[in-house]
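Those protein sequences? They're chains A and B, same order as listed. 1 is the number of the first residue of the first sequence in UniProt numbering; add one for each residue after it. 1 is the number of the first residue of the second sequence in UniProt numbering; add one for each residue after it.
Don't read these hints as lab results, they were simulated from the structure. Remember, predicted model here, so these are calculated numbers, not experimental data. One should not assume that every hint holds.
To be verified - Here are some, though not all, of the chain B residues that point toward chain A, as calculated from beta-carbon distances under 10 angstroms:
1. ASN23
2. TYR160
3. PRO169
4. ILE170
5. GLN174
6. VAL249
To be verified - With a cut-off of at most 20 angstroms between alpha-carbon atoms, the simulated SDA-like pairs for lysine to any residue come out as follows:
7. LYS197/A to SER283/B
8. LYS105/B to ASN196/A
9. LYS197/A to ILE170/B
Stated by the list, open to error - Label-pair ranges, simulated between beta-carbon atoms:
10. PHE163/A to THR102/B: 51 to 57 angstroms
11. LEU181/A to ALA65/B: 38 to 44 angstroms
12. ARG208/B to ILE209/A: 38 to 44 angstroms
13. LYS72/A to ILE26/B: 50 to 56 angstroms
14. LEU224/B to GLN185/A: 50 to 56 angstroms
Where is the CB? At the ideal position from N, CA and C, for every residue including glycine.
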Amino acid sequence: MSAAAPGTSKTGHSDVVQKKKKGPGALATAYLVIYNVVMTAGWLVIAVGLVRAYLARGSYHGLYYSIEKPLKFFQTGALLEILHCAVGIVPSSVVLTGFQVMSRVFLTWAVTHSVREVQSEDSVLLFVTAWTVTEIIRYSFYTFSLLNHLPYLIKWARYTFFFALYPMGVTGELLTIYAALPFVQKTGLYSITLPNKYNFSFDYYTFLILTMISYIPLPPEKRTNALWKEQRKACRHSEYPSQR
Amino acid sequence: MNGKKQGYYLSLCACVCVCVEPNATIGEIKSMFHKSQGKSLKDEDVLQHLPVGTTATFYFRDLGAQISWVTVFLTEYTGPLVIYLMFYFRVPFIYAPKYDFTTSKHWVVHLACMCHSFHYVKRLLETLFVHRFSHGTMPLRNIFKNCTYYWGFAAWMAYYINHPLYTPPIYGEQQIRLALILFLFCQIGNFSIHIALRNLRPPGSKTRKIPYPTKNPFTWIFLLVSCPNYTYELGSWLGFTLMTQCLPVAFFTVVGFVQMTVWAKGKHRSYLKEFRDYPPLRSPILPFVL
Numbered sequence: 001m002s003a004a005a006p007g008t009s010k011t012g013h014s015d016v017v018q019k020k021k022k023g024p025g026a027l028a029t030a031y032l033v034i035y036n037v038v039m040t041a042g043w044l045v046i047a048v049g050l051v052r053a054y055l056a057r058g059s060y061h062g063l064y065y066s067i068e069k070p071l072k073f074f075q076t077g078a079l080l081e082i083l084h085c086a087v088g089i090v091p092s093s094v095v096l097t098g099f100q101v102m103s104r105v106f107l108t109w110a111v112t113h114s115v116r117e118v119q120s121e122d123s124v125l126l127f128v129t130a131w132t133v134t135e136i137i138r139y140s141f142y143t144f145s146l147l148n149h150l151p152y153l154i155k156w157a158r159y160t161f162f163f164a165l166y167p168m169g170v171t172g173e174l175l176t177i178y179a180a181l182p183f184v185q186k187t188g189l190y191s192i193t194l195p196n197k198y199n200f201s202f203d204y205y206t207f208l209i210l211t212m213i214s215y216i217p218l219p220p221e222k223r224t225n226a227l228w229k230e231q232r233k234a235c236r237h238s239e240y241p242s243q244r
Numbered sequence: 001m002n003g004k005k006q007g008y009y010l011s012l013c014a015c016v017c018v019c020v021e022p023n024a025t026i027g028e029i030k031s032m033f034h035k036s037q038g039k040s041l042k043d044e045d046v047l048q049h050l051p052v053g054t055t056a057t058f059y060f061r062d063l064g065a066q067i068s069w070v071t072v073f074l075t076e077y078t079g080p081l082v083i084y085l086m087f088y089f090r091v092p093f094i095y096a097p098k099y100d101f102t103t104s105k106h107w108v109v110h111l112a113c114m115c116h117s118f119h120y121v122k123r124l125l126e127t128l129f130v131h132r133f134s135h136g137t138m139p140l141r142n143i144f145k146n147c148t149y150y151w152g153f154a155a156w157m158a159y160y161i162n163h164p165l166y167t168p169p170i171y172g173e174q175q176i177r178l179a180l181i182l183f184l185f186c187q188i189g190n191f192s193i194h195i196a197l198r199n200l201r202p203p204g205s206k207t208r209k210i211p212y213p214t215k216n217p218f219t220w221i222f223l224l225v226s227c228p229n230y231t232y233e234l235g236s237w238l239g240f241t242l243m244t245q246c247l248p249v250a251f252f253t254v255v256g257f258v259q260m261t262v263w264a265k266g267k268h269r270s271y272l273k274e275f276r277d278y279p280p281l282r283s284p285i286l287p288f289v290l
């Protein structure tokens with residue numbers, strides 16, 4: 001590029017004197033309440049589905065198939081949350097939300113759905129369980145917050161269970177991706193090789209390995225930092241906690 | 001500053017003095033230190049001509065670690081030049097060993113190397129001899145960000161263009177010729193704009209004036225566009241994309257276009273703010289469109 005942007009830096013903006021953030025309007029609040037209630041219900045359906053299937057079969061094996069459809073539906077539905085941030089009815093960062101939702105959707109569709117052989121792995125159950133508990137707590141947290149009636153129990157559960165659920169989810173996700181690797185390499189899934197007229201190539205196998213590596217330094221910072229920020233904000237502006 | 005001449009009393013020793021109410025908290029004082037008091041003063045401003053009384057209060061802002069624009073430009077442009085050539089000459093450990101130090105059999109690959117290298121040599125020379133920068137420095141972290149962008153994309157593009165399995169453009173010579181014409185036209189155009197912008201500004205000064213078309217036909221685009229240097233830059237990369245028919249080059253062109261549009265819109269807005277008589281027909285980067 002021929003010229004670049006103006007060179008003055010932005011100083012970190014001070015948290016000390018901050019305007020009170022306006023909440024979403026009445027219509028937006030109503031919509032968000034409905035959204036969060038529906039999502040809570042959806043993940044409860046998945047939870048119940050898992051329990052019933054376990055009781056019916058008597059084993060942990062292959063429970064994915066009993067909740068495959070609602071899992072795909074409700075996890076994909078979370079893409080709306082990116083829109084909520086973009087439109088401004090939820091005061092979270094579009095980039096952060098996008099990153100988190102896309103990583104879930106990626107695991108649901110591009111790994112678990114796409115590589116049939118991993119669907120019977122126990123690691124799938126591990127992350128599905130972690131996601132289910134996390135999301136039930138998270139969406140009910142948002143529902144109650146929007147209605148200005150947040151029971152301390154839910155807030156406590158959200159920040160406490162995270163320390164168990166997050167490692168559980170990450171482990172399940174990493175093991176699942178790892179299990180998918182040999183099949184991806186064998187079939188050349190989602191890969192493009194040279195030569196071709198667009199002079200482009202993509203190796204999904206390498207991409208998955210890079211994805212696994214990216215779990216290590218980045219997500220803990222983003223996740224714990226995001227939650228700690230929310231915790232601080234929640235303490236200071238207790239009438240309007242951070243939303244998704 | 002006592003004595004016969006009427007001077008200004010400046011409170012500027014080791015501390016910074018700020019006007020506060022007695023009931024101000026320490027937090028509020030801290031935020032005043034960081035608060036932007038509108039536009040920054042220019043280095044050339046003279047104290048006497050500032051709108052202050054006999055007591056002047058200065059607000060300082062710490063910009064953090066800085067690096068000169070020239071340094072950043074030279075570094076970020078030298079990288080792609082060198083990196084591309086490494087792929088062109090098929091230095092070991094990039095492609096399969098049997099291809100080490102071989103050359104491509106497609107003449108368009110040689111042409112692409114010449115164009116890419118010419119482009120970055122032009123940029124380096126412009127940085128050294130043409131551009132007159134408003135700001136001396138930018139934040140230090142920009143050099144890492146910018147170099148990652150330029151060097152990364154250069155490596156990505158060069159890998160495919162110089163690959164032993166590279167496929168030349170579908171429409172062959174016709175496509176390559178058209179692409180080359182577009183590329184050269186826009187390189188000359190871009191250079192013309194840089195010269196025109198430089199001539200608006202006397203050496204060593206930082207004055208800002210509205211750019212107008214000159215005798216050089218390549219500058220007549222100023223009638224329709226505020227930042228034709230970006231317009232021509234887009235054209236150059238479209239030409240290079242067409243010439244190489246390479247998807248990574250297309251990605252690079254799109255990303256660059258998005259960034260330049262952001263810059264062009266900002267520049268256009270500040271032109272409109274600063275000059276009452278700014279020509280209304282002009283768009284930021286694409287005539288009539290954007």
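Evaluation of the provided hints:
Proximity of ASN23/B to chain A is violated relative to the hint, the smallest CB-CB distance being about 14 angstroms (cut-off 10 angstroms). The restraint placing TYR160/B at the interface with chain A holds, with a minimum CB-CB distance near 5 angstroms, inside the 10 angstroms limit. Because the closest C-beta pair between PRO169/B and chain A is about 9 angstroms apart, less than 10 angstroms, the hint holds. With a least beta-carbon distance of about 6 angstroms to chain A, the hint placing ILE170/B at the interface is held under the 10 angstroms criterion.
Nearest Cβ of chain A to the Cβ of GLN174/B: about 16 angstroms, over the 10 angstroms cut. The hint is violated. Among the interface hints, the one on VAL249/B holds; its C-beta lies about 8 angstroms from the nearest C-beta in chain A, closer than the 10 angstroms criterion. Among the hinted pairs, LYS197/A with SER283/B is inconsistent with the structure: their alpha-carbon atoms are about 36 angstroms apart, more than 20 angstroms. Between LYS105/B and ASN196/A the alpha-carbon distance is near 17 angstroms, which keeps this suggested pair within the 20 angstroms criterion.
Straight-line distance between C-alpha atoms of LYS197/A and ILE170/B comes to about 7 angstroms, which keeps the hinted pair within the 20 angstroms bound. Range check, PHE163/A to THR102/B: Cβ separation about 56 angstroms, and the 51 to 57 angstroms hint holds. The hinted window of 38 to 44 angstroms between LEU181/A and ALA65/B holds, with their beta carbons roughly 42 angstroms apart. Distance hint check for ARG208/B and ILE209/A: the Cβ-Cβ separation is about 51 angstroms, which falls outside the suggested range of 38 to 44 angstroms.
In this structure, LYS72/A and ILE26/B meet the distance hint of 50 to 56 angstroms, their C-beta atoms being roughly 53 angstroms apart. For the pair LEU224/B and GLN185/A, the supplied restraint of 50 to 56 angstroms holds, since their beta-carbon distance comes to about 53 angstroms.
The structure is inconsistent with the numbered hints 1, 5, 7 and 12, although it conforms to all the rest.
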